[in-house]
Amino acid sequence: MDTDFYTPMRLDEVESPLQDEVEKALGIDIETCMECGKCSGGCSNAHIFDFTPRKVVQLIRLGAEETLLTMDALWVCLSCQLCVDRCPSGIDIPRIMDYLREKALREGYRPSRPAVVLFYELMCSCVERRGRVSEAPLMLRFNVLTGQYLKDLTLGIRMFLKGKLPLTAGKVKKMDEVRTLFVSWHRRSVKRG
Amino acid sequence: MIVAYYPGCSLEGVAREYDRSARLVCERLGFGLQEVPDWNCCGATAAHSLDHELTRGLSARNLATVGRMNLATVTTPCPGCSIRLKGAAMEAKKEGGAPEVMHLLQLLTEAAGTEKIASSVIKPLGGLRLAAYYGCLVTRPRAVARFDDPEQPRSMDRLLQALGAETVDWSHKAECCGGAFAASETSIVVDLGGQVLEAAHQAGAEALAVACPMCQVNIDTRQREVESTRGVRYDLPVFYFTQLMGLAYGFTHRAMGLKRLLVNPLPLLKRKGIL
Chain A
189 MDTDFYTPMR
199 LDEVESPLQD
209 EVEKALGIDI
219 ETCMECGKCS
229 GGCSNAHIFD
239 FTPRKVVQLI
249 RLGAEETLLT
259 MDALWVCLSC
269 QLCVDRCPSG
279 IDIPRIMDYL
289 REKALREGYR
299 PSRPAVVLFY
309 ELMCSCVERR
319 GRVSEAPLML
329 RFNVLTGQYL
339 KDLTLGIRMF
349 LKGKLPLTAG
359 KVKKMDEVRT
369 LFVSWHRRSV
379 KRG
Chain B
1351 MIVAYYPGCS
1361 LEGVAREYDR
1371 SARLVCERLG
1381 FGLQEVPDWN
1391 CCGATAAHSL
1401 DHELTRGLSA
1411 RNLATVGRMN
1421 LATVTTPCPG
1431 CSIRLKGAAM
1441 EAKKEGGAPE
1451 VMHLLQLLTE
1461 AAGTEKIASS
1471 VIKPLGGLRL
1481 AAYYGCLVTR
1491 PRAVARFDDP
1501 EQPRSMDRLL
1511 QALGAETVDW
1521 SHKAECCGGA
1531 FAASETSIVV
1541 DLGGQVLEAA
1551 HQAGAEALAV
1561 ACPMCQVNID
1571 TRQREVESTR
1581 GVRYDLPVFY
1591 FTQLMGLAYG
1601 FTHRAMGLKR
1611 LLVNPLPLLK
1621 RKGIL
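Residue numbers (our numbering), protein chains in the order written: chain A, 189 to 381; chain B, 1351 to 1625.
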């Protein structure tokens, strides 16, 4: 066993359908990763990630699809773009994270942070209805739907009194153009899911 | 120079003072801003986290509208909007032409330049020590942003110096403030925003200057929470860089909407003899 432990694992001998999928769908060649770890070194949230960006890339090489689609890091990644800018191979990790998030939801995996997904969905439904986001109603709906009625109440009132949370916002006139985009999104989600 | 102007949703809400000050400052520098008619939300982090095609579609519609305005350049004060629009323009350029997309800081520092910015100064911001905070998307990803340095940006520093202020050298210029997690995972914003505040404080800054509505909201509105979590009093006002330009150009603090900031900047400005 000891000798096995010290024998490096040859990742190029591991079959990974996910790696092929990422290469085909996103045009990203994971094979160029040299595991330098600069992505994880720069990541603002690496200290709370269950799998750091470097590990995410290696898990794709290993084909560990289930692990990737259920990991917590998916929902606390900030999309701050530091990892891709530091990667000597230019691997677009934020794009991979987007792809994995989309795939996880489409395939029905329960996100580890439902509130994060709920917030994204509420924001998108705001755009679907009005074409623009109005922050005050969005925050209120989010707090009601998560049952956190008193969350940020004092802060909300302070911001409201400063005129930072107007109750009305602009609206797109040609809403049919915006709605078309959402109709095809919903059609995509249904077809795949 | 006539430029198309895409404000973005925050500029109609939490960041209205950014919109007002941006418009006034641009006018003073001779930029005629023409608002993009019937613009829609870019979808921000929410859309790109849920569906790639949706986020592309939303920005493509905006870019097409800009295209019909027959203007060479479109600017937006929001880095999130700007990076989405720049992405759309990169794709459109492959199939023909597309207008130049510039973040407002980029427009002012590249198209106007620091000399012109300095020449309009009436009331220099003498003695004000600022931490220029760029956040993520003004300069990243660099292949899309194509502006300044992705990790050690200097454009805003030079702009603030042209206004007569001092800027500090510090570590967190281009670190993330917690972005879209203000409501859904507040502890992340308190953690990362706290790191930014601590770094600015350590560097001896008296206030921060930002170019992003998310950065402003996160660092300003969560500052009390950060202070009680860390047990440190920072009391660092968070200005939009356009508000500081406006003050130096002789606009009143009312016109620049300084009272809308949660950490009150007026005592500091009075102490420095700026107000």
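Please keep in mind that the hints were generated in silico from the structure rather than gathered at the bench.
Please note that a few of the clues may not be correct.
Stated by the list, open to error - With the C-beta cut set under 10 Å, the calculated list includes, among others, these residues of chain A facing chain B:
id, residue
1, K212
2, R274
3, S277
4, L310
5, S372
Claimed, not checked - Derived pair list, reagent style BS3-like, types lysine-lysine, alpha-carbon separation capped at 30 Å:
id, chain 1, residue 1, chain 2, residue 2
6, B, K1444, A, K212
7, A, K350, A, K291
8, A, K350, B, K1620
All of these numbers come straight from a predicted model, not from anything done at the bench.
For each residue, glycine too, the CB sits at the ideal point set by N, CA and C.
Min Cβ distance, R274(A) to chain B: is it shorter than 10 Å? 8 Å, holds
Quick one, are K1444(B) and K212(A) close enough, alpha carbons at most 30 Å? Holds. K1444(B) to K212(A) sits at ~20 Å (cutoff 30 Å).
Would the pair K350(A) and K291(A) pass a check requiring their Cα atoms to be no farther apart than 30 Å? Answer violated: K350(A) to K291(A) is near 41 Å, above 30 Å.
Using Cβ atoms only, decide whether L310(A) comes closer than 10 Å to chain B, and label the hint accordingly. 8 Å, holds
Chain B contact restraint on S372(A) - CB to CB distance below 10 Å: 7 Å, holds
Take a quick look at whether K350(A) and K1620(B) sit within 30 Å of each other, Cα to Cα. Holds, at roughly 21 Å.
Do the numbers back the hint for S277(A), that is, is its least Cβ distance to chain B under 10 Å? At 13 Å from the nearest chain B Cβ, S277(A) fails the 10 Å test, so the hint is violated.
Should the hint that K212(A) touches chain B count as held when the rule is a Cβ pair under 10 Å? 14 Å, violated
Checked against the numbered hints given earlier, the structure breaks hints 1, 3, 7 and satisfies all the rest.
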